[in-house]
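Colleague: Please model the entire structure based on the sequences and the hints provided.
The residues making up each chain are set out below.
There are 2 protein chains.
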Amino acid sequence: MMASSDKVLAAGRRVVLTALAVFPLLAAPALAQTPATDPLPSWNDTATKTAIIAFVERVTKQGSPDLVPPAERIATFDNDGTLWAEQPIYFQLAFALDRVKALAALHPEWKDKEPFASLLKGDLKGALAGGERAIFEIITVTHSGMTTDEFEKIVRDWITTAKHPVTGRLYTEMVYQPMLELLAYLRGNGFKTFIVSGGGIDFMRVFAERVYGVPPEQVIGSSGKLAFEFRDSSPILMKLPDLNFNDDKTGKPVGIQMHIGRQPIAAFGNSDGDLQMFEWAKGGGGVRFALLVHHTDAEREWAYDRSSSIGRLDKALDTAQAMGWTVVDMKNDWKKIFPFGSK
Amino acid sequence: MMASSDKVLAAGRRVVLTALAVFPLLAAPALAQTPATDPLPSWNDTATKTAIIAFVERVTKQGSPDLVPPAERIATFDNDGTLWAEQPIYFQLAFALDRVKALAALHPEWKDKEPFASLLKGDLKGALAGGERAIFEIITVTHSGMTTDEFEKIVRDWITTAKHPVTGRLYTEMVYQPMLELLAYLRGNGFKTFIVSGGGIDFMRVFAERVYGVPPEQVIGSSGKLAFEFRDSSPILMKLPDLNFNDDKTGKPVGIQMHIGRQPIAAFGNSDGDLQMFEWAKGGGGVRFALLVHHTDAEREWAYDRSSSIGRLDKALDTAQAMGWTVVDMKNDWKKIFPFGSK
Numbered sequence: 172m173m174a175s176s177d178k179v180l181a182a183g184r185r186v187v188l189t190a191l192a193v194f195p196l197l198a199a200p201a202l203a204q205t206p207a208t209d210p211l212p213s214w215n216d217t218a219t220k221t222a223i224i225a226f227v228e229r230v231t232k233q234g235s236p237d238l239v240p241p242a243e244r245i246a247t248f249d250n251d252g253t254l255w256a257e258q259p260i261y262f263q264l265a266f267a268l269d270r271v272k273a274l275a276a277l278h279p280e281w282k283d284k285e286p287f288a289s290l291l292k293g294d295l296k297g298a299l300a301g302g303e304r305a306i307f308e309i310i311t312v313t314h315s316g317m318t319t320d321e322f323e324k325i326v327r328d329w330i331t332t333a334k335h336p337v338t339g340r341l342y343t344e345m346v347y348q349p350m351l352e353l354l355a356y357l358r359g360n361g362f363k364t365f366i367v368s369g370g371g372i373d374f375m376r377v378f379a380e381r382v383y384g385v386p387p388e389q390v391i392g393s394s395g396k397l398a399f400e401f402r403d404s405s406p407i408l409m410k411l412p413d414l415n416f417n418d419d420k421t422g423k424p425v426g427i428q429m430h431i432g433r434q435p436i437a438a439f440g441n442s443d444g445d446l447q448m449f450e451w452a453k454g455g456g457g458v459r460f461a462l463l464v465h466h467t468d469a470e471r472e473w474a475y476d477r478s479s480s481i482g483r484l485d486k487a488l489d490t491a492q493a494m495g496w497t498v499v500d501m502k503n504d505w506k507k508i509f510p511f512g513s514k
Numbered sequence: 172m173m174a175s176s177d178k179v180l181a182a183g184r185r186v187v188l189t190a191l192a193v194f195p196l197l198a199a200p201a202l203a204q205t206p207a208t209d210p211l212p213s214w215n216d217t218a219t220k221t222a223i224i225a226f227v228e229r230v231t232k233q234g235s236p237d238l239v240p241p242a243e244r245i246a247t248f249d250n251d252g253t254l255w256a257e258q259p260i261y262f263q264l265a266f267a268l269d270r271v272k273a274l275a276a277l278h279p280e281w282k283d284k285e286p287f288a289s290l291l292k293g294d295l296k297g298a299l300a301g302g303e304r305a306i307f308e309i310i311t312v313t314h315s316g317m318t319t320d321e322f323e324k325i326v327r328d329w330i331t332t333a334k335h336p337v338t339g340r341l342y343t344e345m346v347y348q349p350m351l352e353l354l355a356y357l358r359g360n361g362f363k364t365f366i367v368s369g370g371g372i373d374f375m376r377v378f379a380e381r382v383y384g385v386p387p388e389q390v391i392g393s394s395g396k397l398a399f400e401f402r403d404s405s406p407i408l409m410k411l412p413d414l415n416f417n418d419d420k421t422g423k424p425v426g427i428q429m430h431i432g433r434q435p436i437a438a439f440g441n442s443d444g445d446l447q448m449f450e451w452a453k454g455g456g457g458v459r460f461a462l463l464v465h466h467t468d469a470e471r472e473w474a475y476d477r478s479s480s481i482g483r484l485d486k487a488l489d490t491a492q493a494m495g496w497t498v499v500d501m502k503n504d505w506k507k508i509f510p511f512g513s514k
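Which chain is which? The protein sequence lines are U and A, in order.
Using this note's numbering, read the first sequence as starting at 172 and increasing by one per residue.
Using this note's numbering, read the second sequence as starting at 172 and increasing by one per residue.
These aren't lab readings, by the way, just hints derived from the structure by calculation.
A hint or two may mislead.
For identical chains, the list gives no copy identity; a pair is met inside one copy or between any two copies.
[As the list claims (entries may be wrong)] Derived DSS-like pairs (lysine-lysine); straight-line CA-CA distance at most 25 angstroms:
{"hint": "1", "residue 1": "K396", "residue 2": "K420"}
{"hint": "2", "residue 1": "K232", "residue 2": "K507"}
{"hint": "3", "residue 1": "K453", "residue 2": "K396"}
{"hint": "4", "residue 1": "K486", "residue 2": "K453"}
{"hint": "5", "residue 1": "K284", "residue 2": "K514"}
{"hint": "6", "residue 1": "K453", "residue 2": "K324"}
{"hint": "7", "residue 1": "K334", "residue 2": "K296"}
{"hint": "8", "residue 1": "K296", "residue 2": "K282"}
{"hint": "9", "residue 1": "K486", "residue 2": "K420"}
{"hint": "10", "residue 1": "K502", "residue 2": "K363"}
{"hint": "11", "residue 1": "K334", "residue 2": "K507"}
{"hint": "12", "residue 1": "K453", "residue 2": "K420"}
{"hint": "13", "residue 1": "K284", "residue 2": "K296"}
{"hint": "14", "residue 1": "K284", "residue 2": "K272"}
Modeller: The structure is reproduced here in structure tokens:
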């Protein structure tokens, strides 16, 4: 989380840059083209930073042959491992595990039923031995059976109090400072920034606006089915225990089309789950940008890729290297990891 | 369709109003609160117009106890019968019927298969005798089996050439001038305007930005499933013959939650298909607005409600009257119907 003075500064910069984008005639061209301050101060001066700025200038600079109209400046960002950390387990899974513990008293049958039995004994490894099926069951029981409003309140209570097991920080502090700057830099240049994540859409929307500056209508994620009903003469949306949409892998381009209806011109991710989103963004005409965050810093964050069960990066790394996409080497490209420093 | 000079004026007004919203200090308060020109010139000075302006001022005027932050100024609009006409048949159905004729040569089997056989003989009534099932089949064969890009091109070709059977005008000219003004007025006051329609999302997105000023990412509609694939090493999205989402009736609040993630504070519709969207919008806290367009002008447009198979308005009319929602009496409330005049 940014300190509030930083937030004010970032917001101020956004307003100024937006003003320049909307009223280009009000700004001296020299000012617009050579910002007085570095828009990406937490990025080292490496080829990665150069590639980002070169792309943004190509598609936004007046007179550029590759100029893209603001309405088409769509940028899509994965969340877990791209905007915030995902180790030692996906943060939404940590939320679900906490919910299982909180709900256990209401579910005596869980004592004899996996994956809950192991979980409640504190044996996370045993609980997750059931693989995707086990995770799906844990997510289902903790993400359905309540209204959207009730779920929002549950997530809000958790996200403002639960602490990361390694750093002891709030999960919303475990966001990448360089990526926050990148989001603001893109928006300042007329981009509309979207989150496109395998994570739950209702979960992310609780904090995406405050933490990333991304409003709920620009958050795309996995979801369960909803039912419109009345309770005590008031309309509600009930969260049902059925999968509606899995926003991962080939689901990402589909989710992008369903929600946005335009191909992004820039995509940002960190794992094999983002490969098809990269391919879809790069598949459009004109200048396109794909940036893959490679977790290479075991000291300040975590180092993992091909053999990790969380955020596995294997085929997407090969493809990025073969296609010449931009790969962030976290250890060398990022001056700072989290707003508060590092792990 | 607006004449281009009107379009330039409307765009100019939008820029100015947006500027006032973004930089309130630049505008003298008196100017912001008493616009020199009537924002709704095609609305007669009736109670309906007064109710619209009173609502907008209550939720946007500095110092109002009911002030709503811009991020929460979400307004949702039905399309068929609310933003453009829907008689004698839904315009998207007219598109589908034209496509059946265009594709008939590739489908010799249609000569013996309903609803296609009747359709190709020019017997629309016979074809539609199969009810929703027949319409679903016609929509499916004309809206799947191609990529999203190919479909967009087909719709673009049709929408810029096909003529309405009664007026001889392009379908995009059959939009309601008072509603175009209302869209611009709301946006000028910091609202984000969304379309929430039973119509096809990919169909509407082809013209929604140009005709209504609503970008693709703010169009919500019914959809078929999509598949991400490669064709000649290029990524494509194939439109499959399976329903993904039916954005009608209880589907509207669900679609709103999936796409927007916030309850609208204002909803605009014209038929029983919009009832649940009205209920959802009115169900939130604070000041909320629901406006129902009642087609009462047989001379200048069409008059229909409880017994119409197109845009049936029965239960929603009773509910609107019982709850005191705002009902547009098209004949008395609208000075002008279409930008070009009337039927």
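Colleague: Hint by hint, which ones does this structure get wrong, listed from lowest number up?
Modeller: Hints 2, 5 and 10 contradicted; others consistent.
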